[in-house]
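Asker: Sequence:
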Amino acid sequence: MNYPSIKKYLGENWLKKQFEEIDKKDWVKEGIPKDKVSNDIAFSVLEKIDEVIVKFENIKNFSKWIEEAKTSKNFEDCLFELMALENLLLKSDLVELKPDNSVSGFVLEALVKKGEVNFFLEMTKLKSMEGSTQNKVEKLFGKARNKFRGLQGVHFIGVFNFFEFEDDIMKPLPKFNLLKRMINSRFERGSNSSILAFVLVNIYVAYNPKLNKTFVQKRFDIVNKPENRGGLPLSFFESIFDVNEFIEE
1 MNYPSIKKYL GENWLKKQFE EIDKKDWVKE GIPKDKVSND IAFSVLEKID
51 EVIVKFENIK NFSKWIEEAK TSKNFEDCLF ELMALENLLL KSDLVELKPD
101 NSVSGFVLEA LVKKGEVNFF LEMTKLKSME GSTQNKVEKL FGKARNKFRG
151 LQGVHFIGVF NFFEFEDDIM KPLPKFNLLK RMINSRFERG SNSSILAFVL
201 VNIYVAYNPK LNKTFVQKRF DIVNKPENRG GLPLSFFESI FDVNEFIEE
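Just so we're aligned, residue 1 is where the sequence shown starts under the numbering used here, counting upward by one.
Just to be clear, a hint being listed does not mean it is correct.
Now the in silico label distances, taken between C-beta atoms and shown as ranges [as the list claims (entries may be wrong)]:
(1) 36 - 175: 34 to 40 angstroms
(2) 171 - 54: 32 to 38 angstroms
(3) 118 - 190: 20 to 26 angstroms
No lab work stands behind these hints, which were simulated from the structure alone. In this text, all values refer to a predicted model and were calculated from it rather than measured experimentally. Even glycine gets a Cβ: it sits at the ideal position worked out from N, Cα and C.
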């Protein structure tokens with residue numbers, strides 16, 4: 001694979017840096033012997049990034065995303081952002097990258113329009129946050145509240161290390177269900193009116209032995225604000241997301 005889109009937009013140096021990081025295998029989940037994991041898994045991720053980038057070429061502020069990705073993103077961050085946003089391109093009326101929130105003064109990941117509903121998007125990988133699950137939830141709500149100020153938004157949360165595979169079946173760890181319960185509890189208390197939902201995103205690589213190929217898969221778990229608290233129905237989110245697995249509460 002020559003990764004033409006990555007070379008065109010992110011550059012040879014960015015790609016070279018990712019190859020070096022792939023060789024270090026720091027991306028391998030904790031507890032799994034690094035010498036037992038093939039680099040082909042990471043290369044398949046780069047292939048997916050290369051495929052998805054072209055879908056964003058004509059999206060407003062694509063150049064702003066590229067500049068940020070060149071300086072601060074690794075292949076896992078890029079995959080998380082692009083794969084989540086990719087689903088919104090399919091069914092939303094409009095997607096704008098890196099919009100300015102004139103009220104909060106922050107730059108958000110995206111602005112999405114669907115019918116009469118406009119909302120910002122923010123993204124956070126949980127493994128970059130320290131502390132207990134409760135502390136992480138408090139930080140996630142605080143971050144979203146500050147960034148969405150003046151409008152409303154959806155916070156995408158990367159939960160890649162919240163699952164395990166048992167007999168080739170992916171199962172959530174107890175801390176994943178705890179995370180969902182704590183987010184629901186905050187919503188039930190009626191706080192943070194600007195937050196419409198948290199979307200818990202797991203992206204993983206599946207191998208098909210018959211085809212001898214790997215496929216990047218994704219699962220969305222949506223924890224939305226209750227309608228009696230000013231939220232939108234789950235059917236709204238189902239109408240704008242298209243994923244391999246969609247898990248309802």
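Asker: Now, for every hint given, state plainly whether the structure supports it.
Answerer: So, going through the hints one by one against the coordinates:
1. 36 - 175: 34 to 40 angstroms: violated (24 angstroms)
2. 171 - 54: 32 to 38 angstroms: The hint (32 to 38 angstroms, Cβ to Cβ) holds, given that residue 171 and residue 54 are roughly 34 angstroms apart.
3. 118 - 190: 20 to 26 angstroms: holds (22 angstroms)
In summary, the one numbered hint that this structure violates is 1.
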